[in-house]
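Trainee: Here's the letter readout for the chains.
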Amino acid sequence: MNYSNFVTAVQNDDQKSLKEHYEVLTKVLCKFLLVRMDAAPEDAKDSAQNAIMFAVEKIKTDELNHPDRIINYLFATAKHDYLKHQNKQKEVNYDQVPDSHSEEPDQLENLLTEERQSILERCFTELKAKQKSFISYWFDNPDSEASVVADHFGISINNAWTKKHRIIQVLNECFKKNINK
Amino acid sequence: MESSRDQDIYKKIDAYVKGTLSNNEIDALWVEFAKDPELLDRLELEVSLKKILAEKIKTKKKPVTPKPLPTWIWHASAAATILIVAMVQLFRIETPTDLNEFIVNSIPTDQIEVADGLRSQEFGISSADSLLNLGFAAISSGDDEKALELFSKVISSYDEEPYASKAFLNRGIIHYNDGNYQASIENFEEAASRAADNRMIAEKAFWYLGNAYVNIGEFEKALTAVGEAYNRDGIFRKSAFVLYRKLSYDLGKVDLEDEEGTSSN
Numbered sequence: 000m001n002y003s004n005f006v007t008a009v010q011n012d013d014q015k016s017l018k019e020h021y022e023v024l025t026k027v028l029c030k031f032l033l034v035r036m037d038a039a040p041e042d043a044k045d046s047a048q049n050a051i052m053f054a055v056e057k058i059k060t061d062e063l064n065h066p067d068r069i070i071n072y073l074f075a076t077a078k079h080d081y082l083k084h085q086n087k088q089k090e091v092n093y094d095q096v097p098d099s100h101s102e103e104p105d106q107l108e109n110l111l112t113e114e115r116q117s118i119l120e121r122c123f124t125e126l127k128a129k130q131k132s133f134i135s136y137w138f139d140n141p142d143s144e145a146s147v148v149a150d151h152f153g154i155s156i157n158n159a160w161t162k163k164h165r166i167i168q169v170l171n172e173c174f175k176k177n178i179n180k
Numbered sequence: 000m001e002s003s004r005d006q007d008i009y010k011k012i013d014a015y016v017k018g019t020l021s022n023n024e025i026d027a028l029w030v031e032f033a034k035d036p037e038l039l040d041r042l043e044l045e046v047s048l049k050k051i052l053a054e055k056i057k058t059k060k061k062p063v064t065p066k067p068l069p070t071w072i073w074h075a076s077a078a079a080t081i082l083i084v085a086m087v088q089l090f091r092i093e094t095p096t097d098l099n100e101f102i103v104n105s106i107p108t109d110q111i112e113v114a115d116g117l118r119s120q121e122f123g124i125s126s127a128d129s130l131l132n133l134g135f136a137a138i139s140s141g142d143d144e145k146a147l148e149l150f151s152k153v154i155s156s157y158d159e160e161p162y163a164s165k166a167f168l169n170r171g172i173i174h175y176n177d178g179n180y181q182a183s184i185e186n187f188e189e190a191a192s193r194a195a196d197n198r199m200i201a202e203k204a205f206w207y208l209g210n211a212y213v214n215i216g217e218f219e220k221a222l223t224a225v226g227e228a229y230n231r232d233g234i235f236r237k238s239a240f241v242l243y244r245k246l247s248y249d250l251g252k253v254d255l256e257d258e259e260g261t262s263s264n
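For the record, the sequence lines run as chains P and V.
Residues 0 to 180 (numbering that gives the first Met the number 0) are what the first sequence spells out, left to right.
Residues 0 to 264 (numbering that gives the first Met the number 0) are what the second sequence spells out, left to right.
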């Protein structure tokens, strides 16, 4: 995603290019809200679109043009917009600060869909036995460093990372082939 | 062949899926996702794979009967634990943290309140909105005096919401960054009281008000302001909570030993 092109598209009111950028940005911001704020998909979409509209206005008035600032602005505004709408729907107690404050962990599983899961499961069964054994060990021992995995398989740490990367690539290719069917 | 930057990002994704990234690292990784949204596909794939493998383990796992260890191992473990605890107590050094680590040194210009983009698109931009935007432009070009003049004009000519609270907040930010904390406090207080119905502005005003009070050593007042910011439940909630707890400790409102006792129970 090239944010300088996005700025140019806004400034030139290039509708075709804007539409493409909107689609990509909406997708990223929605996923951000699903994962980081545990938002419902419809709420995530609303806040993502509001954030993009705010950013476009700022770009039009020359208040925003640097790519990094645009990204930070989009994330902060999407989050703020989401919280604002959530807060409107709940009772607030302004009396006290509690003794402990719990931050909800990221809800990465919100990214998953049944369709994706079943395709990937099929792809997993197509891996070679050695690949299955390696990647299973990698994910079955989430607390282990790559060095532990490397030791277990008698390879260097770099090779362990490379091996993991290749298996993910194989799965990704299989996944893409099947999801487009 | 991937660049070392790609490899570094893949390692970060791996750590994210395993839950070992800090909040700041997660934020930085999302910036990478925004720059290259295809990386999100990789994240999704790894999350899916992790779930598939976890489910496979669940269905495979059989109950394991633990083998009893000889008694002497239990005694040795207990002795080693006592020794470690004694050593930790002996060598423990109190490392007081400085309150300044918990506050904002300089408020970034993107915190300046300008015209509401969405509203302006629907109804056309008002004169007060224009003045707010001109004030922002003045700050961006380093002309704080001009910005103060414009925000003051908003207050004198358009003394209504949301314009006045935004203008007071913006004046507070300029004074804060100038080290003029007393003036920033007056402006933040005014912004907070006028923005009673606008949670975003009120939260920002209370948060920076608390920071300004810390800067002049008015910790009780800082505690109250930061508590108000926390209760607005917005983007400063976590920072406000951390500062609130720090101030509470420093003011002796929380007994550390009691806390430790409670947490160990």
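Heads up, some of the hints might be wrong.
Said to hold, decoys possible - In silico DSS-like cross-links for lysine-lysine, where the CA-CA straight-line distance does not exceed 25 Å: (1) P:K131 to P:K59; (2) V:K57 to V:K17; (3) V:K34 to P:K131; (4) V:K55 to V:K17; (5) P:K26 to P:K131; (6) P:K26 to V:K11; (7) P:K44 to V:K57; (8) P:K129 to V:K17; (9) V:K57 to P:K26.
Stated by the list, open to error - Chain P side only, calculated, beta carbon under 8 Å to chain V, not exhaustive: (10) I70; (11) H84; (12) F123; (13) K129; (14) F138; (15) V169; (16) E172; (17) C173.
Claimed, not checked - Just so you have them, the derived chain P footprint on chain V, three or more residues with Cβ under 8 Å: (18) 158-169; (19) 176-189.
Think of the hints as simulated: they come from the structure by calculation, not from any bench.
Backbone N, C-alpha and C fix where the C-beta goes; we use that ideal spot for every residue, glycine too.
Trainee: Each of the hints needs a verdict: does it hold here or not?
Mentor: So, going through the hints one by one against the coordinates:
1. Restraint check for K131 (chain P) and K59 (chain P): not satisfied, since their Cα atoms lie roughly 51 Å apart, outside the 25 Å limit.
2. For the proposed pair K57 (chain V) and K17 (chain V), the alpha carbon gap of about 18 Å is at most 25 Å, so the pair holds.
3. For the hint pairing K34 (chain V) with K131 (chain P), the CA-to-CA distance comes to about 32 Å; that exceeds 25 Å, so the pair is violated.
4. With a C-alpha separation of about 17 Å, the suggested pair K55 (chain V) and K17 (chain V) falls inside the 25 Å cut-off, and the hint holds.
5. In summary, the hint linking K26 (chain P) to K131 (chain P) is not supported, as the alpha carbons are separated by about 31 Å, beyond the 25 Å threshold.
6. Simply put, K26 (chain P) and K11 (chain V) have alpha-carbon atoms about 21 Å apart, close enough for the 25 Å limit, and the pair holds.
7. For the given pair, K44 (chain P) sits about 34 Å from K57 (chain V) by alpha-carbon distance, which is inconsistent with the 25 Å threshold.
8. Simply put, K129 (chain P) and K17 (chain V) have alpha-carbon atoms about 22 Å apart, close enough for the 25 Å limit, and the pair holds.
9. Straight-line distance between C-alpha atoms of K57 (chain V) and K26 (chain P) comes to about 33 Å, which puts the hinted pair past the 25 Å bound.
10. Look at I70 (chain P): its Cβ gets to within about 5 Å of chain V, closer than 8 Å, so that hint holds up.
11. Violation of the interface hint for H84 (chain P) is found here, the shortest Cβ-Cβ separation to chain V being roughly 11 Å, above the 8 Å cut-off.
12. For F123 (chain P), the interface hint holds, since its Cβ comes within 8 Å of a Cβ in chain V; the closest pair sits about 6 Å apart.
13. Annotation: interface hint on K129 (chain P) violated; nearest CB of chain V at approximately 16 Å, more than 8 Å.
14. A hinted interface residue such as F138 (chain P) counts as satisfied when its beta carbon comes closer than 8 Å to some beta carbon of chain V; here the least separation is about 5 Å, so the hint holds.
15. The restraint placing V169 (chain P) at the interface with chain V is violated, with a minimum CB-CB distance near 11 Å, outside the 8 Å limit.
16. Look at E172 (chain P): its Cβ only gets to about 11 Å from chain V, farther than 8 Å, so that hint breaks.
17. The restraint placing C173 (chain P) at the interface with chain V is violated, with a minimum CB-CB distance near 10 Å, outside the 8 Å limit.
18. Counting residues of the region 158-169 of chain V whose CB falls under 8 Å from any CB of chain P gives 0; the rule of at least 3 is not met.
19. Proximity of the region 176-189 of chain V to chain P, defined as three or more residues with a beta carbon under 8 Å from a beta carbon of that chain, is not established by the 0 residues found.
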